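Letter by letter, the sequence shown follows residues 1 to 538 of our numbering.
Not one of these hints is a red herring.
Cross-link-like lysine-lysine pairs, in silico, DSBU-like; alpha carbons within 35 Å at most: (1) LYS274 x LYS285; (2) LYS434 x LYS369; (3) LYS281 x LYS240; (4) LYS447 x LYS434; (5) LYS468 x LYS369; (6) LYS468 x LYS434; (7) LYS285 x LYS369; (8) LYS285 x LYS240; (9) LYS447 x LYS468; (10) LYS447 x LYS528; (11) LYS447 x LYS369; (12) LYS434 x LYS528; (13) LYS468 x LYS528; (14) LYS274 x LYS240; (15) LYS281 x LYS369; (16) LYS274 x LYS369.
Distance ranges between label pairs, derived from CB positions: (17) ARG318 x GLY271: 16 to 26 Å; (18) ALA165 x SER372: 52 to 62 Å; (19) SER372 x GLU178: 49 to 59 Å.
FYI, nobody ran anything at the bench for these hints, they're computed from the structure. Predicted model, so just to flag it, every value in this text is computed and none were measured. Cβ coordinates follow ideal geometry from the N, Cα and C atoms, glycine included.
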Amino acid sequence: MSPTPEEPNLQNGNQTQPHIPSESQQTEESGSDPESRVATIPQQQRESESVDEEADAEPRSEPESRREQSSESIQLQVVTDATDPRSGDPEEASIPSNGADNSHPALRKDEGSRTFTMRELLNGLKGDDGNDSVNESEGERPEANSGHSFTQDSPHQPYSEQSRAAMELINSVTGVDEEGRSRQRILTFAARRYASAIERNAQDYDALYNWALVLQESADNVGADSSSPSKDALLEEACKKYDEATRLCPTLHDAFYNWAIAISDRAKIRGRTKEAEELWKQATKNYEKAVQLNWNSPQALNNWGLALQELSAIVPAREKQTIVRTAISKFRAAIQLQFDFHRAIYNLGTVLYGLAEDTLRTGGTGNAKDVSPNDLYSQSAIYIAAAHALKPNYSVYSSALRLVRSMLPLPYLKVGYLTAPPVGRPLAPHSDWKRSQFFLNHDVLQKLNIGGEQIQTSPSLNGERTIKVEIPDIVSVSACADLTLPPGAGLCIDTIHGPVFLVADTWDALDGWLDAIRLVYTIYARGKNDVLAGIIAG
Numbered sequence: 001m002s003p004t005p006e007e008p009n010l011q012n013g014n015q016t017q018p019h020i021p022s023e024s025q026q027t028e029e030s031g032s033d034p035e036s037r038v039a040t041i042p043q044q045q046r047e048s049e050s051v052d053e054e055a056d057a058e059p060r061s062e063p064e065s066r067r068e069q070s071s072e073s074i075q076l077q078v079v080t081d082a083t084d085p086r087s088g089d090p091e092e093a094s095i096p097s098n099g100a101d102n103s104h105p106a107l108r109k110d111e112g113s114r115t116f117t118m119r120e121l122l123n124g125l126k127g128d129d130g131n132d133s134v135n136e137s138e139g140e141r142p143e144a145n146s147g148h149s150f151t152q153d154s155p156h157q158p159y160s161e162q163s164r165a166a167m168e169l170i171n172s173v174t175g176v177d178e179e180g181r182s183r184q185r186i187l188t189f190a191a192r193r194y195a196s197a198i199e200r201n202a203q204d205y206d207a208l209y210n211w212a213l214v215l216q217e218s219a220d221n222v223g224a225d226s227s228s229p230s231k232d233a234l235l236e237e238a239c240k241k242y243d244e245a246t247r248l249c250p251t252l253h254d255a256f257y258n259w260a261i262a263i264s265d266r267a268k269i270r271g272r273t274k275e276a277e278e279l280w281k282q283a284t285k286n287y288e289k290a291v292q293l294n295w296n297s298p299q300a301l302n303n304w305g306l307a308l309q310e311l312s313a314i315v316p317a318r319e320k321q322t323i324v325r326t327a328i329s330k331f332r333a334a335i336q337l338q339f340d341f342h343r344a345i346y347n348l349g350t351v352l353y354g355l356a357e358d359t360l361r362t363g364g365t366g367n368a369k370d371v372s373p374n375d376l377y378s379q380s381a382i383y384i385a386a387a388h389a390l391k392p393n394y395s396v397y398s399s400a401l402r403l404v405r406s407m408l409p410l411p412y413l414k415v416g417y418l419t420a421p422p423v424g425r426p427l428a429p430h431s432d433w434k435r436s437q438f439f440l441n442h443d444v445l446q447k448l449n450i451g452g453e454q455i456q457t458s459p460s461l462n463g464e465r466t467i468k469v470e471i472p473d474i475v476s477v478s479a480c481a482d483l484t485l486p487p488g489a490g491l492c493i494d495t496i497h498g499p500v501f502l503v504a505d506t507w508d509a510l511d512g513w514l515d516a517i518r519l520v521y522t523i524y525a526r527g528k529n530d531v532l533a534g535i536i537a538g
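Model the full structure from these sequences, guided by the hints.
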């Protein structure tokens, strides 16, 4: 019996991790309906990044727009991927539900394909005759380590009508504070270079892509009340550049990814309208294209899940659950690529919480296979607890955990049914396999006895031993489609002592066990086992 090859395995916690770009730098505040419940749970985190910084770099946060909340759902704080959950008190924002008006936090752009870095450009500016500002008529060539250089722009550089319109937008942005003004000078300098490059070669998709990034970054420097230029106008122009770049180079996955972010930002401006719905649909299509071109991108999968979650809050109720379940699959796929991706882990917890709220309010679909609200709440608590264990200093996770901890099957992290063979007889006839309750905590997966008490691993009165898997002994965990197993969803836990085969009742139940075991092992491998033990023990 062997695991299916397509299922990602947990190999001693030493996964080859994709590079995690830095956290973005913008927080979104959200208001709450006065009739909402007082309790608050922090909400979703979005992933957007610059590739030459570490994922846990200390982010800066800026206030953004507020939005109304439903009175029917417990409140969650919206946390962007950039937000530092350690700073400040959590703001309120509702988990998506049939009555909730939710909006995701701002995204920062992945600038992995930039021709040069902003730091290199800044160095070039500082070398411009000893001045730190950009001369409006001409500028010195930046000292870009990437090998790309730019010639001086003439003060009367002839631009096409389209380029001139984009440059007018860029030139009208001033920034809301000194830092913003300084950054905008750099962006304006870069925009002139890209405009010149495109005038020389209209097929230069790299210049188009980078100019789109400049427009998108400039939109972040526009005040919320600004009308000249408007944030939306800059984002719309950025989208046009991404469109042109991807037509010229259909495999430019970074462009599809950042284009989706720009579309998402435009959708948020429009609230819960038909126009916003169409924009969210466009964003999900672009995230899908980005993932097709670069499957090893947990960040794109995470953002795709968030865009679907936003869309689910706008579409008719009959379409909502299908979209929410698709969002769940994207968060889960992101975690399978990177087991310690705490943002996707946390977001999966919040979307499951929202699904529990919806199911409780509507009574579900009436399908016998529907998961009960209590089980959904319990699943939600597992992911939020895991995110907190991986990042115990993040106050957003701590706040959420305080509200959902009681939904865990304490003193365990997870309790559920698995069908197991007699101890020491993995090839026993199917009739000898028994469906039993198992528990998972910070250090062991083990069977429970009839009364719910933990069975000791030492020989019992009748000389038998129970099935027990120590977390440090795990080598890999995977689904197992083997015809020698009893009917159901096969689970293979490979340990240093050999494989352990179990069978979950359904494939959905198997997903929950796979995630929980992998997360507990990852927490152990990252040296945070004591944090998880503290959560369970209180």
